[in-house]
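J.: Quick mapping for you: the protein sequence lines, in order, are chains L and H.
Residue 1 is where the first sequence starts when you use the numbering used here, and the numbers rise one by one after that.
Residue 316 is where the second sequence starts when you use the numbering used here, and the numbers rise one by one after that.
If you're looking for bench data, these hints aren't it; they were derived computationally from the structure.
Computed from a predicted structure; not experimentally measured.
Wrong hints could be hidden among the right ones.
Claimed, not checked - Here are some chain L residues pointing at chain H (derived, C-beta under 8 Å):
{"no.": "1", "residue": "Asn-34"}
{"no.": "2", "residue": "Ala-38"}
{"no.": "3", "residue": "Arg-48"}
Glycine residues also receive a C-beta, built at the ideal position from the N, C-alpha and C atoms.
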Amino acid sequence: MSTFLLSVLQAVLLVLFAPIAAGFVATCKARLQNRRGAGVLQPWRNLRKLFAKEVVLAEHASWIFRSAPYIVFTATVMAASCVPAVLVDTPLSLTADVIALVALLALGRFFLALAGMDIGTAFGGMGASREMTFSALAEPAMLMSVFVLSLGAQSTNLTTMIHYTLATSFALQPSLAFALAAMLMIAIAENGRIPIDNPTTHLELTMIHEAMILEYSGRHLALMEWAAMVKLTLFATLIVDLFMPWGMATEISAGAIALGLSLWIGKLILLLLALALVETGLAKMRLFQVPEYLSGAFVLAFLGLLAHYMLEIGA
Amino acid sequence: MLRMLKQIIRVGSLSETLAPSDQVEQLGEKLRESVRKRFAGSLTIRAVDAGSCNGCELEIHATNNAYYDIERFGVHFTASPRFADMLLVTGPVSINMRRALEMTYEAMPEPRLVVAMGDCAIDCGVFGRDNYAIAGAVRDIIPVDVQIHGCPPTPSDIIQGILAAVESR
Chain L
1 MSTFLLSVLQ
11 AVLLVLFAPI
21 AAGFVATCKA
31 RLQNRRGAGV
41 LQPWRNLRKL
51 FAKEVVLAEH
61 ASWIFRSAPY
71 IVFTATVMAA
81 SCVPAVLVDT
91 PLSLTADVIA
101 LVALLALGRF
111 FLALAGMDIG
121 TAFGGMGASR
131 EMTFSALAEP
141 AMLMSVFVLS
151 LGAQSTNLTT
161 MIHYTLATSF
171 ALQPSLAFAL
181 AAMLMIAIAE
191 NGRIPIDNPT
201 THLELTMIHE
211 AMILEYSGRH
221 LALMEWAAMV
231 KLTLFATLIV
241 DLFMPWGMAT
251 EISAGAIALG
261 LSLWIGKLIL
271 LLLALALVET
281 GLAKMRLFQV
291 PEYLSGAFVL
301 AFLGLLAHYM
311 LEIGA
Chain H
316 MLRMLKQIIR
326 VGSLSETLAP
336 SDQVEQLGEK
346 LRESVRKRFA
356 GSLTIRAVDA
366 GSCNGCELEI
376 HATNNAYYDI
386 ERFGVHFTAS
396 PRFADMLLVT
406 GPVSINMRRA
416 LEMTYEAMPE
426 PRLVVAMGDC
436 AIDCGVFGRD
446 NYAIAGAVRD
456 IIPVDVQIHG
466 CPPTPSDIIQ
476 GILAAVESR
């Protein structure tokens, strides 16, 4: 029972922490531009204001447009609840593995794209078509990169995979390096970050994610933005889980949980700092180069798979 | 020559001491405080160019630069009127932009504020009211809460105007 309670707490923590993580990236970027920035709590303030605002609906909005924010948010929160952040063993993560995680994210994206097209504005349809094009390329690459680790652990279940990584002694495996590189590229693409998409852009013609939610307001917009922030934290946590799970709590004791929590936050800060550096250093890519970028990620993941077979099996 | 020199000595220096350099900081702190009270610490602005010469847009851009950094006071600009709390209109309203401006205003959720920025937005400025391409000043088209004078207004003026608009509610 206490394990169940802790796993629920862990998911709640991830969801509540997500806006702070997004604020942290924004603040780091502001500092790198020699500005002071709005502070790490600004996304929380934005959400609080949006929840209090009126909702304006377009005349042609159907039930899809009205229900999409709730579906997208629920799917993302469910996906977040199967990713272990602090505790490795959780009842929720035992039922859902990485394929279910990818499917939940795909469900959210499906309704996001439908909502983008529902109103019938030019930008919504354009954003939906771009999102679908890129996700069709990003999803196989993401699965392929996870499968590199699954081969060793003989499972696609996150908890089993983390246990396997924790049990094996640390060794520099070329297959993991390839899988990590692919996963980082996919995480940037899936979260609509530079060089794929610019989350702070005001130019509708260059938008991907933002173009689909341009028509939302009030609490609908708040849920959509919150879901996007949860997704960013989810991907960072997934990368931590798969490639650097050291220090995660395997048993329930105050010391183990405190260590797991502080290490999780520390690793997250490092990853988000790296994201801020990448976003400051790179320019946005041309739209037609994105498929090449994503196929590059797929090839890297595939190389990881090959490297696993050639170098690590039987070694 | 001597008379002139005498006058110069008598009058002395006429240069006024410059305003304290933390003027922006003080304005900004006030702005942050009222945004916190009235908009939960987050004010979203949609800027609409209804026919301006882009002088005002340059000054709006300047509020986002490293010196003014209006974002640190909880104010940010957005791409969609549906996200916005405040409409910042520049320029006289041209006939072709009239409908677009009305639609932008209608698309905004309550509570909403409108700020007309620059002399053109207030009374058509150098373009003139009897211009064949101009539908009128901003207040002829949509209700305006606060006007910011200047051609173009400085970033400090803009911050002051935004502050006045936030406090008007």
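J.: A separate judgement is required for each hint: does it hold in the structure or not?
T.: Structure-based check of all given hints:
With a least beta-carbon distance of about 5 Å to chain H, the hint placing Asn-34/L at the interface is held under the 8 Å criterion. Residue-level restraint check for Ala-38/L holds (minimum Cβ-Cβ distance to chain H is 5 Å; threshold 8 Å). Satisfaction of the interface hint for Arg-48/L is found here, the shortest Cβ-Cβ separation to chain H being roughly 5 Å, below the 8 Å cut-off.
In the structure shown, no violation is registered for any of the earlier numbered hints.
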